[in-house]
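As you go down the protein sequences, you meet chains Z and F in turn.
The opening residue of the first sequence carries number 1 in the numbering used here; numbering runs sequentially from there.
The opening residue of the second sequence carries number 1 in the numbering used here; numbering runs sequentially from there.
To be clear, the hints were calculated from the coordinates, so they are not data collected in a lab.
Glycine included, every Cβ here is placed at the ideal spot set by N, Cα and C.
Misleading hints may appear alongside valid ones.
Claimed, not checked - Label-pair ranges, simulated between beta-carbon atoms:
| id | chain 1 | residue 1 | chain 2 | residue 2 | range |
| --- | --- | --- | --- | --- | --- |
| 1 | F | Ala232 | Z | Phe40 | 40 to 46 Å |
| 2 | Z | Asp22 | F | Gly45 | 56 to 62 Å |
| 3 | Z | Pro146 | F | Thr29 | 48 to 54 Å |
| 4 | F | Asn3 | Z | Glu7 | 33 to 39 Å |
| 5 | F | Arg105 | Z | Asp22 | 23 to 29 Å |
| 6 | F | Ser25 | Z | Arg212 | 36 to 42 Å |
| 7 | F | Arg198 | Z | Asp22 | 57 to 63 Å |
Unchecked claim - If you want a taste of the chain Z side facing chain F, the calculated C-beta under 8 Å gives, among others:
| id | residue |
| --- | --- |
| 8 | Ala16 |
| 9 | Phe40 |
| 10 | Gly141 |
| 11 | Leu142 |
What the hints assert, rightly or not - Calculated from the model, a selection of chain F residues having no Cβ within reach of chain Z, i.e. all distances over 10 Å:
| id | residue |
| --- | --- |
| 12 | Ile80 |
| 13 | Pro81 |
| 14 | Gln132 |
| 15 | Asp134 |
| 16 | Ala138 |
| 17 | Arg141 |
| 18 | Pro162 |
| 19 | Leu179 |
| 20 | Gly216 |
| 21 | Glu224 |
| 22 | Glu227 |
Residue strings, one per chain:
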Amino acid sequence: MYNQIIEKFIAAQHAARQAYQDAANFEREALAGTGTAEPFFAVNVRSEYREEEELKKFCFALASNVVSRARRQFAPVGARLDIDNDAEYDRAGLDIGKALKKGEIPDLDKLWASLTAHYNGDGGAATAYRQAATRIVRTLGLHRNPEVKRTSAGVVLKKAVYTETAWNSSRRKVCYHSTQMTADCLSGLATFAGKAGNVALAKRLESIDLYRLEYSSREKLTMPGLDITLFNDKWEFKFAHDMAEALMLFVGEYGQEAMQERH
Amino acid sequence: MYNALVEAFCAAQNASLVAFERVRSLAATVSADPAIVPVSVDQAGEFRRFLRRVVASLIDRASTEFGIEGAPVCIDETRIPVNGYPNIWEAIRAGDTPDLDRYWRVLTERYQAGGRSMAYRQVAQTLATTLQLDQPKAVRRHAKVVRLRLNAPSVAVDAGRPSRRIAPEAHAEVRASLLAIAAYARAAGEPALAGCLRQFDHGEVFVAQQRRTFPGLDVLQFNEYWELRFTAPVGERLLAFVAQHLQEPAAA
Numbered sequence: 001m002y003n004q005i006i007e008k009f010i011a012a013q014h015a016a017r018q019a020y021q022d023a024a025n026f027e028r029e030a031l032a033g034t035g036t037a038e039p040f041f042a043v044n045v046r047s048e049y050r051e052e053e054e055l056k057k058f059c060f061a062l063a064s065n066v067v068s069r070a071r072r073q074f075a076p077v078g079a080r081l082d083i084d085n086d087a088e089y090d091r092a093g094l095d096i097g098k099a100l101k102k103g104e105i106p107d108l109d110k111l112w113a114s115l116t117a118h119y120n121g122d123g124g125a126a127t128a129y130r131q132a133a134t135r136i137v138r139t140l141g142l143h144r145n146p147e148v149k150r151t152s153a154g155v156v157l158k159k160a161v162y163t164e165t166a167w168n169s170s171r172r173k174v175c176y177h178s179t180q181m182t183a184d185c186l187s188g189l190a191t192f193a194g195k196a197g198n199v200a201l202a203k204r205l206e207s208i209d210l211y212r213l214e215y216s217s218r219e220k221l222t223m224p225g226l227d228i229t230l231f232n233d234k235w236e237f238k239f240a241h242d243m244a245e246a247l248m249l250f251v252g253e254y255g256q257e258a259m260q261e262r263h
Numbered sequence: 001m002y003n004a005l006v007e008a009f010c011a012a013q014n015a016s017l018v019a020f021e022r023v024r025s026l027a028a029t030v031s032a033d034p035a036i037v038p039v040s041v042d043q044a045g046e047f048r049r050f051l052r053r054v055v056a057s058l059i060d061r062a063s064t065e066f067g068i069e070g071a072p073v074c075i076d077e078t079r080i081p082v083n084g085y086p087n088i089w090e091a092i093r094a095g096d097t098p099d100l101d102r103y104w105r106v107l108t109e110r111y112q113a114g115g116r117s118m119a120y121r122q123v124a125q126t127l128a129t130t131l132q133l134d135q136p137k138a139v140r141r142h143a144k145v146v147r148l149r150l151n152a153p154s155v156a157v158d159a160g161r162p163s164r165r166i167a168p169e170a171h172a173e174v175r176a177s178l179l180a181i182a183a184y185a186r187a188a189g190e191p192a193l194a195g196c197l198r199q200f201d202h203g204e205v206f207v208a209q210q211r212r213t214f215p216g217l218d219v220l221q222f223n224e225y226w227e228l229r230f231t232a233p234v235g236e237r238l239l240a241f242v243a244q245h246l247q248e249p250a251a252a
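Given only the sequences and the hints, what does the whole structure look like? Please build it.
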């Protein structure tokens, strides 16, 4: 199917070239006796190099479209599935530049087949959950300090979030260099919440906009099953007992690799 | 002929557009981003650029066909209104497709009859301005030669050496002047002089007071000017040629 598109594209390139070539020939015949010489004709035909470049660019764009289709299609609802283009090309044995140089059509159907085989069914969901668990473990530092603090109200996890004063007010906002780690943490937790069936919590977590968020120290965000207390240099996540159990199960199932990391 | 060419170009544009559009719709069926198909977005711009090239070559053709050999007539197309626009370039800029065959007929009407005399007049005018014939001491007559003066400032090729070369700002004028003399020579029946002048590279390095010898003309290259020494009959005929053709526009 994808290979067919590339074939059609090459056919279109040939058709376009032929059309312009016809016009150019017509001009050279028509103006033959008038003394107009070669570089001054009005109809230009594109060089072969330009066409090859165009085809190459098209093939690369189409291949990355195939991968992003897999990203959308195989991710579980509400979760993010990270797929690396080049790793997938390698897995499918696809080398676009080489194939084009040989004059063949790069086999994108094989790429799609390989993606389907790898991520279809539970493959995509498992990968997405593993990535989410990895984000949770790394950002909350669970691999460094696996012992969590239990209180009567729930389980408390801490994450260092550095902040600065917001412009023209005494409220705080998340520092530029802390945003990415915090966003990773929140998206991992949102995926976990979706998996644990707490859709309301997932929605709330996803809707936090770190670029707009301003708070004063000790302010609390209350969500079903999770309270986040915002301090100047850390956030405290206080999970209700049932959510904490679910989180530990989630991390235990999908985050084992990340827990083994040494730093 | 020109209109047929314009039609052929439009057909080529459409054929290419249709072919790529087909690929784009096919890509949309597999939910690929249709933006990856490079449909040429600037069709109108491409067409305009094409029209400009055609018009330029058309005018070039007219100027060589209606001028004299070696001196194409200078055509002022900016004063010829087209389809209600002040000139053809404005018409193209506004997105109009002018009738080029008709435009060719207009140019033919205007320049076919009077083109040759106009070209001669332009040659004479070039000679008069570049040789500064209006100055009192422009022409010096001797027994065997007529000396004329061509302004040609030059610069040292590199410091400490006597080699010189025409200053960049003077190239155009010197070249125009030499080509005008060549055109005159051809018209006056001195093909040898015309041919030699055409091949003469005025940008070549010279040492001051170098003399270049052509049949009927010696060029002495000084630092600030070049002295043109015509043999007396050739020089007198040149002056007569200029005088004759500069008088004509009053009559015409």
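Sort out which numbered hints this structure fails and list those numbers smallest first.
Numbers 2, 7, 10, 11 - these are the hints that the structure violates, sorted from lowest upward.
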